[in-house]
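As they're listed, the protein sequences go chains A and B. Residue numbering for the first sequence follows this note's numbering, beginning at 61 and increasing consecutively. Residue numbering for the second sequence follows this note's numbering, beginning at 61 and increasing consecutively.
What you were told as hints is all true, and nothing was included just to trick you.
Listed next, the stretches of chain A that the computed footprint assigns to chain B, with coverage defined by at least 3 CB atoms under 8 angstroms from CB atoms of chain B: (1) 172-182; (2) 190-200; (3) 206-213.
Incomplete in silico selection of chain B near chain A, CB under 7 angstroms: (4) L198; (5) A205; (6) A206; (7) A241; (8) F242.
Calculated from the structure, these hints are not laboratory results. Just so it is clear, CB atoms sit at the ideal spot from N, CA and C, and this is done for glycine as well.
Number of protein chains: 2
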Amino acid sequence: MRDALVAAAFRLFLERGYEQTTVDDIVALAGVGRRSFFRYFPSKEDVVFPDHERCLADMTAFLAASGTEHEPVRRVCDAARLVLLMYAENPSFSVQRYRLTKRVPGLRAYELSVVWRYERALADYLRGRFAGRPDGTLQADVIAAAVVAAHNNALRSWLRSDGQGEATATVDHALEYVQSAFGTAPTPTPTPVPTPTPTPYVDGRPEDVVVVVSRRGAPLWRVVQEIETTLGRS
Amino acid sequence: MRDALVAAAFRLFLERGYEQTTVDDIVALAGVGRRSFFRYFPSKEDVVFPDHERCLADMTAFLAASGTEHEPVRRVCDAARLVLLMYAENPSFSVQRYRLTKRVPGLRAYELSVVWRYERALADYLRGRFAGRPDGTLQADVIAAAVVAAHNNALRSWLRSDGQGEATATVDHALEYVQSAFGTAPTPTPTPVPTPTPTPYVDGRPEDVVVVVSRRGAPLWRVVQEIETTLGRS
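Excised from the complex, chain A in its bound form:
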């Protein structure tokens, strides 16, 4: 019945437009009563995003099941992947919904509120994990926002390609950018980097060794900047 309501709603949204479709139209096409509709969906918006509540609950449970053995930034990236899986379960439905949402301002507002709830779930988890840090809540909020933005950038690019490309690879790549920015290892570590052994080279710089010398009190960004310049990546 739930699936039938979603199917009827989307058929009407695409035929007549979202605003022009009433809940009465949807239940008439699905052959059920109004009360059945509202048993599954609090409002007309909710039938457009039928799986977000379940996905939010899954994400919250996934994060609650974390232990100290889980690196926190990687953990929130893995939590964000649950959202992608929900979209990738049914590509054609996800692409239809994406096109609909772009056209209807009310649905975009609804989507913003859903995105905000995912972001809060990630930030709350990180705040817990960073509780001992001086800037714990700041770092938690910033990293959660970065994870959501990276995930959504990749998700939208997949939706714009009509769900054709490799959704998982696109999202993995986007999340690796966040993980590298916040100083933790990207998820698939291809080969372990050997622990570097100090060598007596300082001048002379042999091909495969870079030596950075810095005052102990120098701010971290300055040290990073020097390394970037030395490695020719800036």
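Since the structure of chain A is already known, use the hints to place chain B on it.
Showing chain B alone in chain A's frame:
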């Protein structure tokens, strides 16, 4: 007249509650007609956030006036500071509104849509600046989201302190975190860090010198991780 409408609206919102106050109540207290209200504000929500449109226009103009001499991440941080200035212009009004917004779900939804517009303005600017990069749109979206999250974390902590603390210093500190994560220098460089001179110390580590030795091919995050560990900041 505009200020009188805002003052009347807030007096009623605080006395009766937001939902219980109509536009008719507001214009009656301000002693003007309904048409005057709607000349200034498209809806009741807009009277709660009377300055965001102006601030968005200022931010867009500020970013449009940027040149290639402006480091892009620093530039979006400076753009975000315009929002803070708007809040800091009138601390008691900003604190009142913060309390009101927390209580009224409709206002929180409105605020989310405003925040999203600021984030889009920052991301659009960064997308332009990063146009040549392979992951330009991804980086633009992630950095814009991080800047907004850092700004809002600091802004909220200032609002929760009833506008007592140093808003500017709090926001500067938050934005420095984003700038350091994305590899650029924080805006106010307190004292120039002297260019380190290579010394023959590798073992032995004198008090004020840290030496990091790394393979040239090692990923940047790994190098940063090593430095953090060495400096005892991780």
